[in-house]
Each structure stands twice: as structure tokens, then as C-alpha cells.
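A.B. asks: The hints should help you fit chain Y onto chain V, whose structure is shown.
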Amino acid sequence: MGASFDRRPSAGWGLNQGCRIASIAGWIPAFAGMTFFAATPALAASGEPVNPWVASAYLVAGVLFILALRGLSSPESSRAGNRFGMVGMLIAVVTTLWTHSIASLPEIAGAIAIGGVIGFVTARRIAMTDMPQLVAAFHSLVGLAAVLVGIAAYLNPGAFGILDATGEILTVSRVELGLGVAIGAITFSGSVIAFLKLNGNMSGAPIILPLRHVINLGVLAGIIGLTAYFAIAPTVGTGAIFWTIVGLSFLIGFLLIIPIGGADMPVVVSMLNSYSGWAAAAMGFTLGNTAMIITGALVGSSGAILSYIMCKAMNRSFISVIAGGFGADSGPSEGAAKIDRPWKRGSAEDAAYMMKQAENVIIIPGYGMAVAQAQHALREMGDMLKEQGVSVKYAIHPVAGRMPGHMNVLLAEANVPYDEVFELEDINSEFAQADVAFIIGANDVVNPAAKTDKGSPIYGMPVFDVDKAKTIFFVKRSMGGVGYAGVDNEVFYMDQTMMLLSDAKKMCEEIVKAL
Amino acid sequence: MDFISILSIFVMACFVGYYVVWSVTPALHTPLMAVTNAISSVIIVGALIAAAAGSQADGGQTAKWLGLVGVVLASVNIFGGFAVTERMLAMYKKKERK
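These protein sequence lines are chains V and Y, in that order. In terms of our numbering, the first sequence opens at residue 48 and continues consecutively. In terms of our numbering, the second sequence opens at residue 4 and continues consecutively.
Isolated chain V, as found in the complex (with noise of 0.2 Å):
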């Protein structure tokens, strides 16, 4: 699929394809001779040597794992990625049981079991529009452990390797530790605010406290200046501190999510991806582990990646969503302009009627669709079409769903082939040329208002030229609602454009009907 090229940041990058898998075949072996080089003459941090063997049996699996990432380039390669990603962990941990002196095999041999229970039935179970729920859920867990291996380290240090001949913690493996526990303990308390408000168990409306900034500003720089203090102080005495630190990083977690709003999730829940890779990072720092580090470093990139691609997709900068309050005061701008205005009602006939006697149909699906359970009966509706010899297109915007690439799941999940979905760039010249658009629980992403309106709250954000389109469906429960900004719709009012107001789901069964 060619949508990859045109997310690149600018034209400086523009390597095509065969470049950059040369680019990346060319620094693995750059990688390897390095390791070899930095592993077989230097010392472990304990003094012991650092066998060769187990050193690159941790490289080979951090070399897996970009492999597992790479394999997602396109839906063909993905799956075996997928498997290499579960080889690297594999080796990983074998690695790791071989070369330690295990005290307690069964307990280990337990607690995996139990976990690997829990998680296969979760994930067996797990409905695909709880996904970003489910995603945040475990970003809290690796937060958590990594909280855990921290404080683990710093109470057994001589286990982790990182003590200096006199017994105390090394000063560097103290940086590493208490950034490691508090990047932790921020990913843990974050994503469990995430997923509450993903859930639905908390309300998505952002909570605002007072000089809420002057707070976490002064938390953060508290919990700076005590991992510097960490550094430098000696061992003993140094308990209260790192629990401090600890205990701030919890709190920061908390105070950083609750005042972001549900429309922003998709930017956090990224965030937090992120986070969980810098945190898993900073633990392969003291440990002195490259699987653990380059895993981090390429959870890290690709989380903090797919944030910018939500901040541009929603015109918004990282700075204004981490700030947060976005949506509180959305409720007044809805004018007395919009009350009477005039709005055409169709049928589930009259669409039926129309996209058969179209030559293209696009559907633009989003988050309502997906509310409504509607993508089996949007699937079958775009079946019938086909038959009749309609060509059937689906444009997905970046920020559709709930987080990066949910709408081409669910999509996915109800059989659409994947070659019939498109980005937004890719498909928004397609417009003009459009007979139909069908536009089913999407709003925002199509209100023309974000191109034409500078006062608007959504103005600068991409959105789809449905405006372009000759006759636009706009499924929709009611007249009453507005999309997550609270604007209002100009594609409403416009002569083209027929309203179905029902269910998204039994509008999609009557349009078959009909057909």
C-alpha cells in the first residue's frame, strides 16, 4: 500500500522504499560489530566478563523485534513478523533462565504460567472496538513492572550487577533507576486513567483543577532534581528518597491524564505506548541488556510517532493536548443559527435507489459505526452494491475510532478487504469524481468548516472533500448531535446532501433491504 509514503514528516526523507530496507539491512551488521566490539574486551559493571554468546543471544532477539515491526509494512508480511516478534521474546527469556543460577524455577515456571493465562484469555475474549481500552490496560502493566524490576534492582543491587567495589549502587545505574521507576510509575498511572475513561467507568469530560500546570510543572521538576539528588547522595539514607520518587511519579501520572478529554485519547494512549518503551529503555540501561534497550528505543520512536500523526491529523500541537482541557466548553457555541436551518430527510429507499444507479460509492465510516455494531451490515450493504456493479471504496481518516488504525479493524474484522480501505490522502481527490458519499458516524472529519471557518475549533484539520461529492448520505441518529469538537455541520444543510436519521445499524439493514 503507498499510504506509508505520504506520511513521511517532509520531503527530506524521501528515500522510496528499497532505500530505507537497504538503509536498515545496512545498520544491523553496523550494530553487531559494534556489540562485539563493546562486549568481548569490557567488563561487566560487576566485574565479571560478559560472555559473548549470551550478549548477542539479547541482540539477535533485538534484532527479531525490528523484524517484527518491519513485517508490518504491508498486511502480507505481517503475520510472520508477528512470529518473529514471539521468537525474540522467546530467546530472550531463555537467554536470561540459562544464565542465571535459578533459586526458584517453579515459582518462575508459575508466574509465567498464570500470566500467560490470564493474557491469551483476555485476548481471545477481547471485543475489537475495546481495543484502545484494552491496548491502555497493558500499557499499565509493563509500567507497573518496570516499577517493579526497579525497585527490585535497587534493593538487591548486587544481583542486577550494578554495584562498585565498595558496595554502593553505581551513580549511573542511579540515574538509570530512578528514571527508569518513575517513567514506570507515570505509564502505570496514566494508562489506568486511560483505560477508565476509555472504558467508560470515568467520564471522558476533562477534569480541570486549579493551577493545575504550576502543580505538575512543580512535581515534575521535584521529581528532576530528586533522581539528581539519588545520584549523588550517598547509599545510606537514600531509601526515603527513591520512595519519594516513586510516589511522585504515581501522583504526576494521575494529575497529567485526568485533565485530557476522551477525544484526546487517541493521542495519549500513544503517548503512553511511548513511555512504556522509554521506561523499558531505562531499565536495559542498567542492566546493560540490548534487547532491552532497542526494544525501548523502537517502542519508544514508534509511539511517540503515531502521537505526532494524531496531533497533525487533528491539527492540534503535543503541547495543547498534554495541556488538556480540550472540550470543556463546548456546549455555548452551538448558535441559533443552526435551529432553522432547512435539511433534507431521505430514506433507506431512496439510498438504495441512488447508489444503485451510481458508478462510485465512498464510505466514510467512523466511531458512530462503530458504537452502533454497524460494520457487518455496512459490509454486507457494500457486497450488494458490488454486485450490482457499483465500485465501493472506504476512506478512513486518521483519527476515526479510538486510537491509531481502529477503524481498519473493525473494517477488517467485518471482512472488507483491506485493499478497498484507503487514507485520507490517498483517496480525497477520489471526491470530485464521486457519485455517492456515504457518510456513517464520522462528523468531524468531514465538516468543510475546518478549511473555510477560522473561528472554528476544528479549523486547519485535514478532512475529506465530501463537499465535492454529487449526493451525500450522512447517517445520523439525530439532527441534535455534534461530533466530539461541538461544531456544527455545514454538509448538513447543503443541496446535495440527505439526512438519514436512524440507527446507523438498521439503516445499513434497510438500505439491504431495499437493494
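Hints in this document: simulated from the structure, not taken from any laboratory. Quick reminder that beta carbons are idealized off the backbone N, C-alpha and C, glycines included. One or more hints might be untrue.
Calculated lysine to any residue pairs in the SDA-like style (CA-CA distance at most 25 Å, straight line) [to be verified]:
#1 LYS97/Y to GLU467/V
#2 LYS97/Y to TYR506/V
#3 LYS96/Y to ARG171/V
For each label pair, taking beta carbons as the anchor points, the in silico distance ranges come out as [to be verified]:
#4 GLN420/V to LYS96/Y: 16 to 24 Å
#5 THR65/Y to TRP100/V: 47 to 55 Å
#6 PHE6/Y to SER124/V: 30 to 38 Å
#7 LYS96/Y to TYR355/V: 40 to 48 Å
#8 LYS433/V to PHE6/Y: 53 to 61 Å
#9 THR65/Y to GLU215/V: 13 to 21 Å
#10 PHE6/Y to ASN407/V: 41 to 49 Å
#11 VAL418/V to PHE6/Y: 45 to 53 Å
#12 LYS96/Y to TRP100/V: 15 to 23 Å
#13 PHE6/Y to ALA370/V: 28 to 36 Å
#14 PRO99/V to PHE6/Y: 14 to 22 Å
#15 LYS97/Y to GLN420/V: 31 to 39 Å
#16 LYS97/Y to HIS147/V: 28 to 36 Å
C.D. replies: Chain Y in isolation, oriented as in the chain V frame:
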């Protein structure tokens, strides 16, 4: 390993991550998050070391139990993350050519 060589690996890996992730097709961003989540549980290595160390030193016993809890949490993630990615990827199908 000394700090600078570890840091070099880290910096290089950030660049590799940057290029690899931009080449991921947007349609697979959700599986990307699930799989990165699974691989970041490589932190299980640290938890295993703590759990395996036994209790010779002061605090070793506590560290061991913390390590075991860490192993449980990381395993949930590893198995759950890979399984859910596999489940999602299995759903991506091409158009059947007739």
C-alpha cells in the same frame, strides 16, 4: 558494557525505530501498538533476574517476590499482546479474485 557503548546502541536503535515505524502502513497502526506493547514486555528479563536471584542479600527476599509479580504482569502482556496481534492480523484479507 560501558555506558557509552550502551548509549550508542540506544541512539542507533532510535534511528532504526524511526525509519521502521514510518514504513508501517497506517492500516496496521492498531496491531503496531499491540505488538510494541508485547515486545516492551521484554522488561520480563529484569523481573526474571530479580526472581531468580534468591535471597542471599538483604532485601533479596522482597526483591524476589517483586520480581515474581513483575513476571506475572509481563507475561500477561507478552501472551496477551502477541495473541491479540495475531488475532487482528488474521482478519486482514485481500479481495477474493473471482
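A.B. asks: Would you mind marking each hint as holding or not holding in the structure?
C.D. replies: Verification of the supplied hints:
no. : hint                            : verdict
1   : LYS97/Y to GLU467/V             : holds (9 Å)
2   : LYS97/Y to TYR506/V             : violated (36 Å)
3   : LYS96/Y to ARG171/V             : holds (19 Å)
4   : GLN420/V to LYS96/Y: 16 to 24 Å : holds (20 Å)
5   : THR65/Y to TRP100/V: 47 to 55 Å : violated (32 Å)
6   : PHE6/Y to SER124/V: 30 to 38 Å  : holds (36 Å)
7   : LYS96/Y to TYR355/V: 40 to 48 Å : violated (30 Å)
8   : LYS433/V to PHE6/Y: 53 to 61 Å  : holds (60 Å)
9   : THR65/Y to GLU215/V: 13 to 21 Å : holds (19 Å)
10  : PHE6/Y to ASN407/V: 41 to 49 Å  : violated (59 Å)
11  : VAL418/V to PHE6/Y: 45 to 53 Å  : holds (50 Å)
12  : LYS96/Y to TRP100/V: 15 to 23 Å : violated (42 Å)
13  : PHE6/Y to ALA370/V: 28 to 36 Å  : holds (35 Å)
14  : PRO99/V to PHE6/Y: 14 to 22 Å   : holds (19 Å)
15  : LYS97/Y to GLN420/V: 31 to 39 Å : violated (25 Å)
16  : LYS97/Y to HIS147/V: 28 to 36 Å : violated (46 Å)
Violated hints, in rising order: 2, 5, 7, 10, 12, 15 and 16; the structure is consistent with all others.
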